[in-house]
Structures are given as structure tokens and as C-alpha cells.
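Undergrad: Chain by chain, the residues:
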Amino acid sequence: MLVLKSAGRALGMLAFGLALSTSLQAPASAQQSTDTAAATSQESQVQTVKIGFLRTYERTLALSVLDIPPEDIGLAGANVAINDNNTTGSFMGQKFTLDTVTLAPGDDVEAPARKMLADGVHYIVTDLSPEDTVVVADLADAEGALVFNAGATDDRLRNDDCRANMLHTAPSRAMLTDGLAQYLMWKQWREWALIAGQHEDDQLFAEALKRSAKKFGAQIVAEKTFEDRGGARATDSGQALVQRQIPVFLQDLPEHDVVVVADENEVFGTYVPWRTWVPRPVAGTAGLVPGSWHPASEQWGGAQIQNRFEDASGRRMESKDMQVWTAIRVIGEAASRTQSTDPEQIDAFIKGEDFAVAAFKGQRLTFRDWNWQLRQPVLLGTENSVVTASPQEGFLHQVSELDTLGYDRPESTCSFEE
Amino acid sequence: MRRLPTLALATMLAMGTSPAFAYKIFVSNEKGNDITVLDSENFEVVDTFDVGQRPRGIAVSPDGESLYVCTSDDDIIKEFSTDTYEFIRTLPSGPDPELLVVAPNGDRLYAANEDDNLVTVIDLETGGRLAEIPVGVEPEGMGISPDGQMIVNTSETTNMAHFIDRDSQQIVANVLVDSRPRFAQYKKDGTEVWVSAEIGGTVSVINAETKEIKQKITFEIPGIRSEAIQPVGVRITQDDSKAYVALGPANRVAVIDANTYEVLDYLLVGQRVWQLAFSPDGEYLFTTNGISNDISIVDVSEDEVIKSVQVGQQPWGVAVTPE
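Chains X and G, in that order, are what the protein sequence lines are. The opening position of the first sequence corresponds to residue 1 in my numbering, with each subsequent residue numbered one higher. The opening position of the second sequence corresponds to residue 1 in my numbering, with each subsequent residue numbered one higher.
The set of hints was computed from the structure by calculation and includes no laboratory data. Incorrect hints may appear among the rest.
[Said to hold, decoys possible] Incomplete in silico selection of chain X near chain G, CB under 10 Å: (1) N85; (2) T88; (3) A104; (4) R337.
[Said to hold, decoys possible] Quick partial rundown of chain G residues pointing at chain X, CB under 7 Å, derived from the structure: (5) E138; (6) T157; (7) N174; (8) S179; (9) R180; (10) I224; (11) E227.
If you're wondering where the values come from, they're calculated on a predicted model, not measured in any experiment. C-beta: ideal position from N, C-alpha, C; glycine also.
Hey, can you work out the whole structure from these sequences and the hints?
TA: Okay, structure coming up:
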């Protein structure tokens, strides 16, 4: 049934591609009257844009089985984006291909990156560790290629370790915690008790929370570290034990409005909501969580992307899927705007002033030219619903209110010249 | 083919001169799952009736007897009597219908199915599906030429206006416009199609003959950030002199000289203004304001907002009976 349907569609599209090739002249001449040579060559043949997707995946445990990332996390977003690009491409004489390589964390990333580049891939979308993301960006740079970081949230990739050929569709931790902080301040929950895990990522998230508190005038009234003593994530009598342990651990906190949690490694964070010593809301990596997307987001036309995502992958769309989808859509958008598959033209357009992309977040998204971070609203959600989207009302900015999230131009330590 | 618009115009003028004739205003309430009915005498709410899940695009048949409602979450289009509000029948729209347009002679209905990248053609006599036409990603806006020969669909993620020939049911041209095109509106003389782009923040005026963009209209409102200016609904007066564009979260309707494309004014209406419709005599313009749950009524000759009326929850579409 499903196969038949899509086969029919593909045939239909093919028929259109043929029927349309002459009418394509209209937009071509309207938009780009100088480039008639490109327009005529489009008519005769379909031109291809090769996109690579380099990712790591390993089934990791979480405190709740509901939070274990699915095996196709990110990849499912890539597939939907390629389909979207190709539907549009069928009207433009453009085709987009996806070459995906999935590694285990710690595997060598250089060989597959080199192979992609050797195969003529000019755009590599990554969902890798920050170290590997930079390695791939530097390899790509030698070939004049671009990397879209759709996975790593590390602020250093937007600051000291930035690269002129590395663009970010993933929000940085600072953007996420700024989005959260604005809402907490809007609620006038100004006194935060910070509980952080001991792993490096947890500490980076905690640092981002502290920076956001300072930026927006919240006060961190206490800080505690939750030690990872190893052991199983879930055991038969686990619940009873947690119910007793967590409140005791939080008992000595001074007066606070909200508990903010920094536990990217899923050691304790999920256990905090509903188990605090005094009744307080929880936010951060647990409770009210900031993200680039939410499986329940349906605003701003989001229902449509959710529906076609669910049809294609059998699950709802997560943040990482959206980040990868957006990266591939950025390339597709630039190819249709420039009516070209020439990397030079596409790259110049993406990095140019006129570039903007729509990604179901209620406004156009653009790149910051000081570090190539995509400006984007941050959604704050619980397990099953979106609570709000930041920037919050009243957080103003002279250029774009989206620049109230993350490192703004004056604070940036990114320098592309070296 | 040429005669039809002139004839329609003549009828409109004739109707405009008759002193007191009543019409009804229908407003779809996206969240309320119902339709609010207002009379033309005092613009008061006279009735509300349930229609199904998430009603959005609505249209009245040219004879004024039927109201077509896209009940998006029910995945169907429903037909109601504009007189008794009785449910008449269901039309096979395909999943998640959002906007529709009825042929000027009332024989066909064209609906955009956002989930399936299709435009569905429905025979209004039999109620059956005539064709499904593949278009770009997330088809949304539906416009039709005054002679009914050309249908224009906009696709929100592909960012194109697709021109579909009525007879061959084939796309004959694709015009790239700005981000998230929402609405397509022909001029009454059939020479231009105006396409709004919500995220792009522009309206593209397309030459209907050559399919070239002859003008791109941009908007600037002091004190409103440019990202919040999101053009959605577009309507052009019967005499093609002025155009009105709903600017979404900017809470304003732009008034544009339809000959020079100059923005003449911004009218402050309710919050998140979405769709527009004229009264049959062209004297008034009705706007749906999704967040303030009301409609604004604009005096077209003065370009002044004269009244706002509370309707249901999250008003989305608006349609008016021809008499």
C-alpha cells in the first residue's frame, strides 16, 4: 500500500519534471536574468547536490526508557529533509542525495570524512562530539567544503574553536539556558538552586546556567554536585530507594524558587521533579527542558512537519531531527533561491545577507555572521507539551530579539582569520 | 471566457446600488470548532454552529447557498446550508485540508492538502474527487482566475506559486516566491496574482500572463520588528484599485495602491490578523484576529477600522454570502 502510493507519487513527479522544464524559464528569468546559460542547462538535465551525514550512535541508557534516543535520531530528520528538497527540486531540475555514515563513539572519523570529500560531497552535516566536529570541519576546509553542525551544543565551537566553514543548526548550550532563564525571570522565579552532575557535559551545562543567571539577573543561591557512583540505571526496588534518597539530598538547600538541573548524562536529573524536599518546580535538563524543537510542537505550521515526519519514521520529531532537517533544508533553500547547484553560488548565498530559512518556529531564521550560528527561538517543554518559546516578551535587542539568546556579537571570541 | 468577469463586475455594481440588502458573515473558529454567523445590519453575532475539528479555510458557493468548511483535523471538507446551517454532505478532500477555492461558476472546488503535497479537485455536482495534482511541499494558498481557467496553489516549504490549468489539470508554471507563501489572490481583471509570503515578509505581484514577478511589496512599521510582519490573507477591491494584506502578529492590515504598489496605510486591527473578506458591496472589509478572538470591520472608502466584534475561539477564516 505504502510502496504503491510513493511509487505513484514518484511517477507523477517525474511526469511533472518533464512537463515543467519549459515553464521553469519564468522564475529563472524573473530572478536571475543574467544567468541564462544556467537556466537553459537546467532544462536539459537534472543537477545533483550531494549531501553527507556523518553521525555517531550508540544505544545509551537513560533513567527513563522513554528517554533512550531512537536509533534513527537525527537520521530520520535527514530523510524527511531530503524528500522535501527533492519535491521542490522536481520543479527546479535539482536532485539531492544523502550519504550517511554512522559510527560508534570513539571510532575514527577522519577516514569516512575523507571518503565523503573524495566522493565529491561538498556539504557534510554532522552529529558528532565537539572534537570530531572540528576535525571534520578542518578536513572539509582543505577541500573548500562546508560542515553543518547539527549535534554538538558546545559553546566553544561558536567561540574559540569556531571555523569559517562550520555552520551550526544546533543551538548552543548558552542559547538553551538563556531561553530557559528568560522564562524563569518572566515568572519571577529569581532564586535558583543548581544541582549538577560531575561529568564534563553536565558541568558545561551548569556553566551555561550560571552565565544565563548572571546575564538576566537571577541568583544561584546554592550549588550541589550529584556524584555518579555508577551502578544500574534501573533496578527492581529502584523507585522506593529514589523516593527516599533524592529529598534527603536536597534537604539542605537554602530558600529557593526553582531547582535547576544540569545532568546531560542522565545520572539523576529525571529523579528530581516531584522528589524535592520543599515543593519547587524543576528546570534544566529535567522538568522544564529547553530545546530547538519538541515532539509536541504543532504551532506555526509545525503540525505538517510532525505529520510527515511521523508517516516517514513512525515516531514524533525530536530536537536533533529538527536540527538535521534544518541543515539540509538550508542547502535546499539556497539551491532553489540561487537556482543553482554550484557550491560556490550556494555557499555565498547561505553566508550572504539575504539568506533566511523557515523552520516552523514562527519567524525566519538567519545565520549570525560572527560565528555562523543559526538564530532560532528556543522551545521550553515538559515530557508531553510545549510550555513556551523564548525569546520572551520584553527581552529586547537592537538587531534581533533572537540575539538575546547565546553569545552576542560583542561577547563573541570567535575569529575566522588565522 | 472574457465575458465572465465583466458580467460579474456588472452584477456587483448593480447590487451595490440597491439600498438595503442583507448578507451573512461566516467566521471559522479554529479552536472553538464552530462557525460564528454575523448579520450585515449591525454586524452582530446572530448564530453559532458546530462544524467539526479545527475549522480553518471556508468559502461560500457563488449562488450563496452553501458554505464549505475545511475541518482540518477531521480530514474532510464539510458543506453546510448558509440558510439553516444544516450539514449537507462531506466532500473528499484528502488529509488535513486547510484552504480551498470554489470555481467562479460553482462547478468545482479546489483544496490544498498540506500533508500530502496535493491539490484535490472536487466535482461539486457529484461530490466526487476528479483529480489529485502533486505540487510542492505543504500546499496552502489557493487562488483562481476570474474566468476559472487557472488555479494557483502556493506551497509553504517549496516556496512556489504553482499555476494549474483547469482543463489539463497540469501545472503549467512554477514561480519561486519568498518564504512560506500563504495566499494567492487574482485581480478581478485577471492580469495579476498577488502572493503573500509569511516568513519572507513580502507580497509578490505576479504577471498572470508571463508568470514573472513584476513587483515585490515590502512592509515597514515603526516600532514593530521585521520578523513580526508576516503577510497572510490578501484581498483586492472589486475595481482593482486597492489591496489589503493581513500582517499576522504585526496586528495590522496594510492598505496598498494596487496600481502603484505603494503601501498607503497600516490599519491597527486585532491580534494575529489572519484572513480577510469583503462585504458583497465592497464597502466593508472583515478581518479575523486569531489571538484577540474577534473580527475587525474596516470601512473601505475611509480605510478606517469602525468596529470589532467578539466571535469564537481563534477565528481563522471568513466568508461572506453574495447577497
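Undergrad: Are the hints correct? Go through all of them and say.
TA: Structure-based check of all given hints:
no. : hint : result
1   : N85  : 9 Å, holds
2   : T88  : 4 Å, holds
3   : A104 : 34 Å, violated
4   : R337 : 7 Å, holds
5   : E138 : 5 Å, holds
6   : T157 : 6 Å, holds
7   : N174 : 5 Å, holds
8   : S179 : 5 Å, holds
9   : R180 : 5 Å, holds
10  : I224 : 12 Å, violated
11  : E227 : 4 Å, holds
The structure fails hints 3, 10 (numbered hints given earlier, in ascending order).
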